[in-house]
Amino acid sequence: DAGVTQSPTHLIKTRGQHVTLRCSPISGHKSVSWYQQVLGQGPQFIFQYYEKEERGRGNFPDRFSARQFPNYSSELNVNALLLGDSALYLCASSLLQFSYEQYFGPGTRLTVT
Amino acid sequence: RKEVEQDPGPFNVPEGATVAFNCTYSNSASQSFFWYRQDCRKEPKLLMSVYSSGNEDGRFTAQLNRASQYISLLIRDSKLSDSATYLCVALTDSWGKFQFGAGTQVVVTP
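So the protein lines, in turn, are chains A and B. Position 86 of the first sequence, counted from 1, bears residue number 86 in the working numbering, the numbering being contiguous throughout. Just remember that the working numbering sits 1000 ahead of the position in the second sequence, which is counted from 1.
For reference, chain B alone in the conformation it holds in the complex (with noise of 0.2 Å):
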């Protein structure tokens, strides 16, 4: 089993829709939790970091389920510009390795 999974998608989302998805983590003492953005061919962009309280930047919005081992990513007000590939990160150990899901891939359509 993967450390992290996600669902491949595509998620194929109106302009000006709501998309949300998950990532599951496998490991409990996994510490920290981020969500990085992956345009094609390109490298990943930190999109932010996910708090146990929930967080929210502009119209992203992540959130933590320690109980459930399970993250997720809500973008509101779907842009064409937020197509891309969304790969979820769970940091396991304490010097700083990061295990990444294979990634969810969002297309806006017009």
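Excised from the complex, chain A in its bound form (with noise of 0.2 Å):
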């Protein structure tokens, strides 16, 4: 079975770009999770998705936004990109929202210069 899928991989903008990263869940799971991590530090929420509606949000601008399509795979946007919006992007898919299992994506890697 094909595990999450994340596109691109790798992405270089510039500052006050905007950025769209694209996630497919596992097949059947429904519930959708974006983090950030910066290099040194752990992953950091950033939004979850069920059911195409944002169920949670974590500490993170406006600037950040996202959306889960009726096949459950999801984006996530992010306007006018600062240098340190640099990171690695995951998502993760678990199969409902209370799963407490998370499987990650190999995530995108976000340079922003």
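It should be emphasised that the hints constitute simulated quantities derived from the structure, not laboratory data. Among the clues, some could well be false.
[Claimed, not checked] PhoX-like, lysine-lysine: derived pairs with alpha carbons at most 20 Å apart:
| no. | chain 1 | residue 1 | chain 2 | residue 2 |
| --- | --- | --- | --- | --- |
| 1 | B | LYS1097 | B | LYS1045 |
| 2 | B | LYS1097 | A | LYS30 |
| 3 | B | LYS1097 | A | LYS52 |
Got two chains here, separate frames each, mind docking them using the hints?
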């Protein structure tokens, strides 16, 4: 079975630009969560979506937004990029909203110059 | 204060030895706990859940101490392939918000 997939793998953007990251969950999983991981730190929670609705949001500015599609795939959008947005963006899927086991995709490495 | 704190290490461990390390959490309402393993520049992978009674999976043993608000991970008979960063996770909300620690680096040497 395919695991969580994310695209693109790597991305380089300049300050002020906008970026869209994509995630496809494991087949049958209905919940997708997004995390930001800065070098040397653990992943920080950004959003959780379940059944196409936002169910949770971490402490990130409104420049960050996301959505989930009917096929349960998801997009993370970041506007007005800052240098500090450079990080590994991880997507995790789980079977249900309250399923405790999350499975991570390989991530998208975003560099903002 | 961070919700989940870990000793960053590194813990340098001879092959075949035992290593153990803890993780503390500040939210007493945390419901579930996990250990994830993360290799350099890779995604975290679930290693094991941590149950109240403690649990073992092969060479790995996890313990939960709710009174002192910490969880532990013990690795026996360390292998070179155990070299990684171990992330402690606490589930603090019913809808599945994971709070990650910054990770403990383990380096197993020949």
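Does LYS30(A) lie within 20 Å of LYS1097(B) when you go C-alpha to C-alpha?
15 Å, holds
Straight-line alpha-carbon gap LYS1097(B) to LYS52(A), limit 20 Å:
17 Å, holds
Assess, step by step, whether the Cα of LYS1097(B) is no farther than 20 Å from the Cα of LYS1045(B), and give holds or violated.
17 Å, holds
Checked against the numbered hints listed earlier, the structure breaks none of them; every hint is satisfied.
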